[in-house]
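With the hints as extra help, turn the sequences into a complete structure.
There are 2 protein chains.
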Amino acid sequence: MPIYLRPMPAHAEKHAVVLLSGGIDSAVTLAIAQQWGFVCHALTIDYRQRHHAELAAAAAVARQLRCASHKVLALDLRAIGGSALTGETPVPKDRPEAQLAGHIPVTYVPARNLVFLSLAAGFAETLDAADLFVGINAVDYSGYPDCRPEFITSLTGTLNLATRQGTGAGPGSPAGRPWTIHTPLVALNKAQIIARGYELGVNLALTHSCYDPAPGGAACRHCDSCLIRARGFAQAGVADPTRYA
Amino acid sequence: MPIYLRPMPAHAEKHAVVLLSGGIDSAVTLAIAQQWGFVCHALTIDYRQRHHAELAAAAAVARQLRCASHKVLALDLRAIGGSALTGETPVPKDRPEAQLAGHIPVTYVPARNLVFLSLAAGFAETLDAADLFVGINAVDYSGYPDCRPEFITSLTGTLNLATRQGTGAGPGSPAGRPWTIHTPLVALNKAQIIARGYELGVNLALTHSCYDPAPGGAACRHCDSCLIRARGFAQAGVADPTRYA
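Chains A and B supply the protein sequences, listed in that same order. Mapping to the working numbering: the first sequence position 227 is 227, numbers consecutive. Mapping to the working numbering: the second sequence position 11 is 11, numbers consecutive.
Because the hints were derived from the structure by calculation, they are not lab data. Being a predicted model, the structure only gives us computed values, none of them experimental. Heads up, the beta-carbon is just placed ideally off N, CA and C, and yes, glycines get one too. Worth double-checking, as some hints may not be accurate.
[Stated by the list, open to error] Here are the simulated DSBU-like pairs of lysine-lysine, each with C-alpha atoms no more than 35 Å apart in a straight line:
no.: 1; chain 1: B; residue 1: Lys71; chain 2: A; residue 2: Lys71
no.: 2; chain 1: A; residue 1: Lys93; chain 2: B; residue 2: Lys71
no.: 3; chain 1: A; residue 1: Lys93; chain 2: A; residue 2: Lys71
no.: 4; chain 1: B; residue 1: Lys93; chain 2: A; residue 2: Lys71
[Stated by the list, open to error] Far from chain A, by Cβ distances over 12 Å, these chain B residues were calculated:
no.: 5; residue: His52
no.: 6; residue: Cys220
no.: 7; residue: His222
In structure tokens form, the structure reads like this:
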């Protein structure tokens with residue numbers, strides 16, 4: 001029986017779009033959105049990431065958590081390049097703690113969260129939904145500029161100007177209903193996120209984090225993402241369910 | 001010999017990404033960016049629009065104007081729906097003048113310009129470019145919220161927070177170099193844009209505007225886009241090179 005740490009806001013019958021990558025953070029974000037009473041529509045972007053094992057993980061998480069719908073949108077970011085996650089640049093391994101924070105890594109995908117949240121907003125408009133959920137947080141920041149709260153605040157204002165819903169000029173949309181981008185994990189570290197996931201009944205064994213998995217999807221144990229994940233399980237004091245190569 | 005109406009700013013050797021749809025506006029925007037001295041990289045989004053004839057038009061325009069590069073990025077917006085341009089909803093025909101402005105039409109694609117400019121920024125980051133060009137203007141606005149200047153201003157601020165370049169924290173990027181989203185057509189009507197295109201030597205016969213073309217690409221003459229285009233040529237006093245069905 002999960003223990004709910006926060007009161008559940010009244011959002012009955014409100015629909016939300018949740019960006020679901022297949023990693024721990026987005027899975028826990030989805031569970032929180034559901035706990036808060038949102039009818040959740042998961043959106044996964046197949047951007048031809050080298051760790052495409054996360055796409056299968058996203059589908060498994062969406063099933064386990066019984067999303068109202070799950071869309072996979074194809075966007076071939078290999079065409080623009082610029083990241084170790086979509087290109088041939090090697091994924092760095094076993095970087096020391098000091099390098100995991102404060103620098104933008106080669107795994108940065110140019111403007112990724114901006115692009116993904118923009119797509120989520122477009123999808124939400126078709127559902128008459130004004131709430132988006134994204135699992136950004138301080139630990140995953142690790143130097144990614146588009147994981148900062150000030151980016152989210154700015155984008156919310158931009159969405160209100162960019163969309164039919166924000167301007168309220170369209171048929172079927174309440175006038176000027178503003179967007180909300182929910183970032184329920186933003187102040188949590190990985191151990192806290194993992195603990196929250198367990199409380200909410202998320203099967204974290206279904207999630208995938210590794211940037212450079214073996215062909216069968218087993219985690220490499222040495223990339224930034226594996227290091228942060230393993231440390232999170234250790235600090236949370238729970239067994240790491242990750243399948244390592 | 002074209003007559004240049006504006007002085008050419010000094011942008012020698014600066015690279016820019018130009019969103020190139022294959023329509024008149026983006027073609028003229030590209031020509032203006034080149035006149036201003038930018039080394040231009042065209043980006044076309046194949047969003048599975050029903051008027052995919054514009055993809056071939058974009059390629060032809062990019063060749064004619066000798067872009068430094070031309071990328072076509074695949075993004076299947078049919079998956080999220082919500083627009084007559086990507087779905088089965090009929091494209092409206094022969095709408096009266098009063099309806100062409102001031103309402104958001106069914107051809108609105110949710111958050112399209114936000115998504116496309118976000119992708120352009122991602123591409124620009126890989127080129128170390130900080131300038132984007134997009135051919136939005138008051139006539140094409142026709143009720144599209146994401147064609148308004150206040151949207152562009154807001155997005156510029158968001159880009160500065162979202163990207164490696166804007167924050168200046170990445171290797172090889174000057175600290176804090178801000179983004180500029182150029183909208184050189186924003187104050188021009190369609191006739192003025194067409195006149196500008198002729199001055200700059202753009203072969204407008206290569207462009208495609210129709211939302212609902214015949215299988216061979218010939219224009220329908222009756223959709224909003226055809227109506228605005230035909231009126232533009234008439235008002236500009238130049239022969240309409242459009243191939244109609």
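Structure-based check of each hint:
| no. | hint | in the structure |
| --- | --- | --- |
| 1 | Lys71(B) / Lys71(A) | holds, 26 Å |
| 2 | Lys93(A) / Lys71(B) | holds, 32 Å |
| 3 | Lys93(A) / Lys71(A) | holds, 32 Å |
| 4 | Lys93(B) / Lys71(A) | holds, 32 Å |
| 5 | His52 | holds, 16 Å |
| 6 | Cys220 | holds, 24 Å |
| 7 | His222 | holds, 22 Å |
Hint compliance for this structure: every hint is met.
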